[in-house]
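J.: Construct the entire structure; sequences and hints are all you get.
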Amino acid sequence: MIWFLLAFHVVVVAALPTVGARIGRRALWLAATPMAATALWSITRLGSSEVITAGFQWVPGLDVAFEFRVDAMASLLSVLVSGIGALVCVYSVGYFSSSAASMGRFAATLVAFSTAMVGLVWADSVWTLFIFWELTSVTSFLLVGFKHSDPVARIAARRALFITAAGGLSLLAGFVLFVDAASTARLSEITPISGSTATAAAILILVAAATKSAQFPFHVWLPGAMAAPTPISAYLHSATMVKAGVILVAVIAPAFQDTDVWKPLGLSFGLATMVWGGIGALRHVDAKLILAWGTVSQLGFLFALLAIGTPKATFAAISVLVAHAVFKAALFMVVGEVDARTGTRNINELSGLRSAMPITFAVAVISGASMAGVPPLLGFPTKEAAIEAAIGLSGTERLVVAGLIIFGSILTVAYTTRLLIGMFAADGPMPDRTVAPRRRAMSAPQVILAAASVAGFVAIGWVTGVVRSAAVTVAPDAEVYSLYRWPGLTDAFITSAVIVAIGLVVGVLLTRRHVASGPVARGAANVDRGIDGTGRLAQRVAGRVQHGSLPLYLATTVIVVCAAAVPFAGEIDTATLYWWDNRVEAVVAVMIVAVALAATQVRSRLGAALVLGAVGFSVAGLFVANGAPDLVLTQLLVETVVVVGFVVGLGRLATKFPSPTRLWVVGRVLIAGAMGTAVAVALAGSAASPTGEAPVRELAETAQTEGGGKNVVNVILTDTRALDTLGEVIVLMVVAVGILTLSTRRNRTDLPVPAGETSAGLALVETGRVEEVPQ
Amino acid sequence: MISRISPIVSLAVRAVTPIALVVAAYALFAGHNQPGGGFAAGLMLGAIIVLRTVAGIQQPRHAPVWLSVGGVVAGIVAIAPMLWGEPLLDQVVVTWDVPILGDVKTGSALLFDLGVVAIVVGLVISLLDGLDAASLGDRGHRPIAADVASIETGSSDGAST
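Residue numbers (my numbering), protein chains in the order written: chain A, 1 to 775; chain B, 1 to 161.
No lab work stands behind these hints: they were computed from the structure.
Note that the coordinates shown come from a computational prediction; the quantities given were computed from them, not determined experimentally.
Just a sample of chain B residues kept apart from chain A, beta carbon distances all over 10 Å, derived: (1) Thr17; (2) Ile19; (3) Leu21; (4) Ile57; (5) Met82; (6) Trp84.
Here chain B is said to cover these stretches of chain A; the calculated rule only asks that three of the stretch's residues, wherever they fall, bring their Cβ under 8 Å from a Cβ of chain B: (7) 627-638; (8) 712-726; (9) 731-744.
Just so you know, even glycine gets a beta-carbon here, dropped at the ideal spot from N, CA and C.
T.: Pasting the structure below:
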């Protein structure tokens, strides 16, 4: 079933771009099918203790496996991911106008994201989890930048990718250390680990989770990601992707309970985020940004609860996670509908929508109240559990954690009140706007989600069972906790009553305070500056390193070769050196040196090419002296082609070399001398310490028996070491393709050619000085 | 221009062409037991193509075709043994009883070599193309400044349109 559902997703993703172009908006219904199927299957498995696994070894040698494991926790999460995904697809049908282009691309990317997310929550092996984690980053990038003609969306998408991808690298490093310390890659086999490796892994994984779940100070990408169409924000930035970090923290927390850093670092991330997000939500006037900052705050809340690490807090965190996914998705849909039907999301410009949009108003009030933690809604018992877990701590911890969580909750109530009054109450400036008619596809998903918030409260026993069975997979002691419809007059209840009361007052007070515009996003601007700066730095470095001067490239190569040859100098054993094998070699060697020296003195280019050819032919003579006919043949042929090629190429250049300066001559002599010395030293050094017997005999035998040929050299090339030949052949092809690409580009005058790459540029760089090109 | 100035060069290159082809074929087939092989054969063909281009007899064309055919042939020969569960590049030796020639021993290595020949030829042609050798045959040596004119008239390889 796991494979089937994943394959279903993949097939739909593959089909949508082509099919979507033809069926337009209806592609979204097709997109909803795999998600709905997954959601339904997961619902049947809610609360079940049965575990379904699937997987295969991917890299057996490294114990890297592709493994899925659907337990109670994974089922619960995939209900949220796929269920909300399907609802978002339906909502999108209403959100986008029927003429909206590129619906196929939108639907395909949405399903691709959903696939990645389902894979992430089902993953058992950390490597599987990592792959899907990265896939969610990439698909999220595509979705945030969906309106790619809009520069704001492009920059926001780039920022989101930059931060989450950096987190991905941190996660990879963290997982490597984790697997090393825990000696298992399976999340289901986690045992507590400690030590310095575990500490490092804990920090890296927490940072990764914090980037994904928009924890302070990495939260800057999330408000920017609101540049995406609202259905995407409702899906990715409320219910699913931003939860990935929280989910990761939840499932991997048992491993790090014993490390010193896990809890303080996680709590710092979470509490700072909760408070800062709440403050941010109160500063904005764009309803969608209010929700985005509210999401940041809620994610911090979840992070903090999970970092506390007590079974009670974990249980509360999972219940809050469920409640949050339900109400936040509904609220985003509400804002999207308000935006689509009135044309603005600014709460200063909106007012009195209560009568114009009654259904939306009802959904907003129910979901908002659930977010604020007001009965009779699912948000109330879950928040209650969370506060109880926080005030159940002791000492300073209780003071700080409970204090900040209560403060954050007051902010939550305040911004919820501000949002609801701002959009719906009739007291503000009346909008001079017409409200477009309602679309059923937009209303239905909201109503379902709002109803779920109510139903969750009514069927609290069932919800408790589902949450509990999920919580015990990571914290076995969570068995004893329950959610209560009416907890009685406990400390937690009184605390929440106070929270709601203060929050209401603050919210009402802040609602109509006129704020001209939202605060400047300094953090986001800094990230953007960092990204741009990196790009510019890279350009400058590349400009320095890739200067385009051939002599300097050659000099660099030679210097590196010389440095590499230095260690060989100590290896040389003069006793192993002798002058020649036979006298002919000496004669040929003298010839080579003489011709090579001559090559440096020739003044005409054609002459130099020919003399160089002569050097090559003389080297062939050396091979003759050693009885290597294959080498001779190849050498002669190569030299022939090269010399003729030179002749062809020289047609483009002046016939004579420019007269060199003194410095130029000295430099070239030095470089040539260094290169020659380096090669000689390396050869002499390696000749001094032969390792084992030369493989000649063995090769000669296998050539006959296995290769079926008498020419050992060629049998080596085509059989014994054919893989090498294949590699060389591929190199040749790459070179040829490179040449073809360059020459095609040169022949296309409509393309701008960068400086230094024109054919005249060749003449310019050849001597390092400008050369007169004859007209 | 070269070809027009010097009919001797042109004629000589034409006369040498069939000989070079035979020698290249010999090198290819002999490679298994004698000096030769795919690389040498490819270079011989490449050399004759260079000469013909310089003499203005032919244009360096179809480099992508040579490259892709060679790549595909070599690739198939490399991968095919894996279909039968043999290791990559495992070679099959076949002995045929051919009339006149008698027993001829050959193998999949020969096919692999054919791929190498095609790739080497493709490389040489693309080098010539890169050096814009085609225009040599047409107009002889020209300084760079005159290049622009030929690009604009689209004489080099038609890509300018």
